[in-house]
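Residue numbers (our numbering), protein chains in the order written: chain B, 1462 to 1814; chain V, 1462 to 1814; chain L, 1462 to 1814; chain Y, 1462 to 1814.
Worth flagging that the hints you see were computed from the coordinates, not collected in a lab. Certain hints may be false.
[Claimed, not checked] So the derived label-pair ranges between C-beta atoms look like this: (1) 1725/L / 1499/V: 54 to 64 Å; (2) 1602/Y / 1501/V: 38 to 48 Å; (3) 1524/B / 1519/Y: 46 to 56 Å.
[Said to hold, decoys possible] Listed next, the in silico DSS-like pairs over lysine-lysine satisfying Cα-Cα at most 30 Å (straight line): (4) 1651/Y / 1525/Y; (5) 1651/V / 1651/L; (6) 1489/Y / 1464/V; (7) 1464/B / 1464/L; (8) 1489/Y / 1489/V; (9) 1651/Y / 1651/B; (10) 1525/B / 1489/B; (11) 1464/B / 1651/L; (12) 1489/L / 1489/B; (13) 1489/B / 1464/L; (14) 1464/Y / 1464/V; (15) 1489/V / 1464/Y.
Every residue gets a Cβ at the ideal spot worked out from N, C-alpha and C, and that includes glycine.
Protein chains: 4
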Amino acid sequence: MHKTAIGIIGASGYSGIEATHILAAHEKVELRLVTSDRWQGEAVGRRLGIAGATGQLRYAPLDKSAELARECAVVFLATPAESSLHMVPGLLEAGVRVIDLSGAFRLRDTASYPAFYNFTHSSPGLLEQAAYGLPELFRERIPSARLVANPGCYATACALSVAPLLRAGLLDEGSVIFDAASGTTGAGRKGSEDMSFSEVDEDFRAYRVLRHQHTPEIAQTLASVAGRTVPLTFTAHLLPLKRGILVTAYGRLRSGATAAEARAALEQAYASSPFVTVEASPDAVNLKSVVGTNRCTVALAADTSGYDPGRVVVTAAIDNLVKGAAGQAVQNLNLMMGWEETLGLSTLRAFSP
Amino acid sequence: MHKTAIGIIGASGYSGIEATHILAAHEKVELRLVTSDRWQGEAVGRRLGIAGATGQLRYAPLDKSAELARECAVVFLATPAESSLHMVPGLLEAGVRVIDLSGAFRLRDTASYPAFYNFTHSSPGLLEQAAYGLPELFRERIPSARLVANPGCYATACALSVAPLLRAGLLDEGSVIFDAASGTTGAGRKGSEDMSFSEVDEDFRAYRVLRHQHTPEIAQTLASVAGRTVPLTFTAHLLPLKRGILVTAYGRLRSGATAAEARAALEQAYASSPFVTVEASPDAVNLKSVVGTNRCTVALAADTSGYDPGRVVVTAAIDNLVKGAAGQAVQNLNLMMGWEETLGLSTLRAFSP
Amino acid sequence: MHKTAIGIIGASGYSGIEATHILAAHEKVELRLVTSDRWQGEAVGRRLGIAGATGQLRYAPLDKSAELARECAVVFLATPAESSLHMVPGLLEAGVRVIDLSGAFRLRDTASYPAFYNFTHSSPGLLEQAAYGLPELFRERIPSARLVANPGCYATACALSVAPLLRAGLLDEGSVIFDAASGTTGAGRKGSEDMSFSEVDEDFRAYRVLRHQHTPEIAQTLASVAGRTVPLTFTAHLLPLKRGILVTAYGRLRSGATAAEARAALEQAYASSPFVTVEASPDAVNLKSVVGTNRCTVALAADTSGYDPGRVVVTAAIDNLVKGAAGQAVQNLNLMMGWEETLGLSTLRAFSP
Amino acid sequence: MHKTAIGIIGASGYSGIEATHILAAHEKVELRLVTSDRWQGEAVGRRLGIAGATGQLRYAPLDKSAELARECAVVFLATPAESSLHMVPGLLEAGVRVIDLSGAFRLRDTASYPAFYNFTHSSPGLLEQAAYGLPELFRERIPSARLVANPGCYATACALSVAPLLRAGLLDEGSVIFDAASGTTGAGRKGSEDMSFSEVDEDFRAYRVLRHQHTPEIAQTLASVAGRTVPLTFTAHLLPLKRGILVTAYGRLRSGATAAEARAALEQAYASSPFVTVEASPDAVNLKSVVGTNRCTVALAADTSGYDPGRVVVTAAIDNLVKGAAGQAVQNLNLMMGWEETLGLSTLRAFSP
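Next comes chain B alone, as it looks inside the complex:
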């Protein structure tokens, strides 16, 4: 079978490792290039226990990324936003298609970058070109895209939780609140005391309250599906576990809309989605059923007690490294290459028990 040459830049970070595992087992992919300074010269097999040809591939240093990437049809950038920002123009010019796992090309509004990413965008022109890689909501632009901005992990879970309700005009004009929590791998490899086991174990806390980097991204998505600005608050919390994101989203049904309609909207929106499952109750949405897979489980409950009339609560769970990063990137790759959307992803299984 003909295989397409794919590369991963920044292959030793947690998302990069996840991408390596998934692509190594993808029947249409030949993993041609993996770059990493930390593991340069080492064999992928030695580091990740992967067998076969992929196992014999060796990590090239990061500064060779641009040069070696030209051998690939598509490269995954699992690099910090500043690095992606720098590398993308050259890659595109060289005819390489790019799936960027960082936030560097997710926002349409250049003004957001200084505020939330601490840099001024050096290629604002490319922002228009970039396709936001969330297939369940924005499928159309992905297949032909030369540059896909892979969504943030939190942003993915938040968007999937309520987008169908906004698209169907079922929520009122009030704000939507996303209370989210993530495992530690979402923060990447960390040598900080803050993220040490002694400081994280048995603890739980919110961080960057009302100033998290994913807020503009979520706002952009909600506005896109709702056709209007949707006020929103997003709060992130750190969980003492390694993988997984749970979002509990709060909205209110607009006058006349019912909970049944809301559930139906979710079910219809995801009826043909291979990766999103609507559960009967939010109590059934948890991390362990999705961690290790590219799946997202979603469920809605509505107020019946009268304590908050019209209130709907939607929970959504994903694996931050899979559907929140590498898995979604592969899903986008499949669409870009015209392959079956679930290739290399349907075989992923939950880590549990």
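Place chains V, L and Y on chain B using the hints.
Leaving out everything else, chains V, L and Y in the frame of chain B:
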């Protein structure tokens, strides 16, 4: 020094154990009675490592509780709501004052009991008598109360997070959302597969969404401080850790109110509170700083980005077994006995690191 | 491709679930039967997120196991030892080959069963027939076996750690000590308070010291490879994590043997083993590199400081549910069917990060 | 009551924090000095939630330690060994008594320092003066000592597990094996990726196998109590939890000795020890019963099955920061000051549940 005889009914549950530790070190308390079927006949010292006279006290069987309680000035009921319901009338008649850690006497409205507690209240007359034992908000009735309904753990954290804002009339008429998470000891001793290590470790999920038992209790408190019905949504989540509750509360400033006024309201409300500390930022509110103590940390952030104008987010953290149960019960005991409010509690230290 | 019908009896336990995942993705297997009372009538896909034909298979009740098993060429028994003991004779008579994941047929000596398993063996004749399914050490009898006794998880790790040293006659006549620790899934599904999250989290302890069920099994294996009785002590500990076993084994080089020879013995023994890797140092042997895979990593260190001349320490790590149960069972299935030994197993990846 | 001025150098490390909590509540101690660069200028109360005068004490910078220490009768050095090595001579000359929590003065043999501590001892003369601060075994020299070398955490647990058996001559001439595991706070504050939550959670591994720093210390203690060199192997493992050490020690009874004699030796040795408890079975020795306290639980089991005749297994558990560091230091302080040995320590309670 004269010591007052205190008893703990149901002393082998997690709250009962916590109460035993605190009371054993309380200089004005003589722990006279501890009852438990599970540990009947055993010495407290053998079970909990407590030295001295208290260590030599032996657990009496539960069915002896009512009889032996008469030797006490005050008894703590660390029993299920149905048991408390049954025991309280007799204890009061015998002249024993009661601090009930269950929900049996927390709600004013008898109609709520069948809906949320699955029983019809057999002593509705006592509901009026019971003082809701949250000193920071409802101090007045506690000193003379014969029956104190110790608040629920979640309800305590939720109330402390926003009550001052409601009292000061700073929030609009919209609903307040409480997104909370608790460690497993909040569920009590469990021999269910659901709460087994293999099922809880590395997982996170919401439960009893829009139908949690603490909702009417929180509603009652908010109405009391706001002087009006406050629509609310409360969501509980299970954390893979043993102790601690974090609540992230969402409200909106009424027109004209400012974030500075909101912060000031919190600071003023708790200025003379020995146990509640207002932190500068919600990022500083976490479980590890409070677990092991009777403290509650609270902090407020307000939207400045424009994504949700008027939004305020308040985080609050407590130890579910201390300020959420046994510690607050001892705080109430101190008030009931006319002792210094912090006796036996100011020496508690955080478990961390 | 022709697929062979395989069945799993007791498919809802942790080992059964693991076997289901592995067999569902095995290219030569048609998972024909899964039995479970807990999940009877439900679809495998609904429970485990498995797609395709296997996902549509429904769990039959346990009491139908024997009857339905006749449709299978081989069945996996993921049942308690007493159940396996009862089912095996009938299955063999019906011409079905059996891989028993319980301890019911592991021990040659019938006298050990009352002592360690609390039952008298009802089919002692079958003990002779059963092949002990540890391919790396006892490959010969497995391909033609009608009944394979799948080794215990602890026993597998202990055996792999030192067997090559014993076979090569490199250890002295003294006892070998195995200090082992396992995650909680090794105890199976538990609804006991003892195994509740609140009781296991942040704790560590030894259990069944000097009376663990796996001791006779390990003794049997050591005697087999050493050609003599090997005195041994085995200690199990419970780790506050879900999957994985680490064994730290202690032996002493016989006079004249060297650490280099010992390392060489391990490397040679496992040179052609697809699943056992010899690491350079015991510090490199950990759970996270093997959990999720059928691999075992092993490493040896020898005393050079003089504090314990001749001492060798060997560490070995496996996933208790994979190489310690279901994965090894599939490895045995491959040998029994004359298939490539790594089929369905080489694609397993480590769960980490 | 007259209080004695005590100081803690390096008060912001985990041991330093633990010492601060204990000394703050010690009725005969006035905590006069706490030094830390990280927290310099901040109030102890703000950092650790301690009330009263101690809470108002501010952290002085580390380079002021020597100067300010002169105001103290005794100082605790919770500093790295190299720092202690440097500070101790000057402190002693100034008439300040010192309890050093590092390993700088634990070993009698100067030759061990380059090998295990990577430095040449600059004050070998002081090694003779230093009293090894393990009261249960070496009480005599502590009360009059000017310099107490506080034992290592692992070394404390190992020593307590078997010393009485060696003293009573009950073990044979063979080696004693200590297989130990510790929570992460034993490694101190760490900003290394190695000790990050993502790398430690759900993992378990041995480290520095056959080359751990505590080996010579344990060897010195065993030789001291046995009156002969005792061959030993010590292995450390990292547990995914914050506090606690469990040691599983393996020895063999000498010919003629019985398990009953061994148990009696342990019981007699610790009969009057306020902190060491002998449990009936090793299964009852766990971290959660001792963490948070200065206690050590110990239990012995002996082979009765015949798999390893004469084998005895002793388990011992301590809190690495309390009995393994700060608590033992306070115990030594009490002895040095002629105070009741349990002052400030008997009130410590287990963190559990």
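Against the structure, test the hints numbered earlier, and report the numbers of the ones violated in rising order.
11
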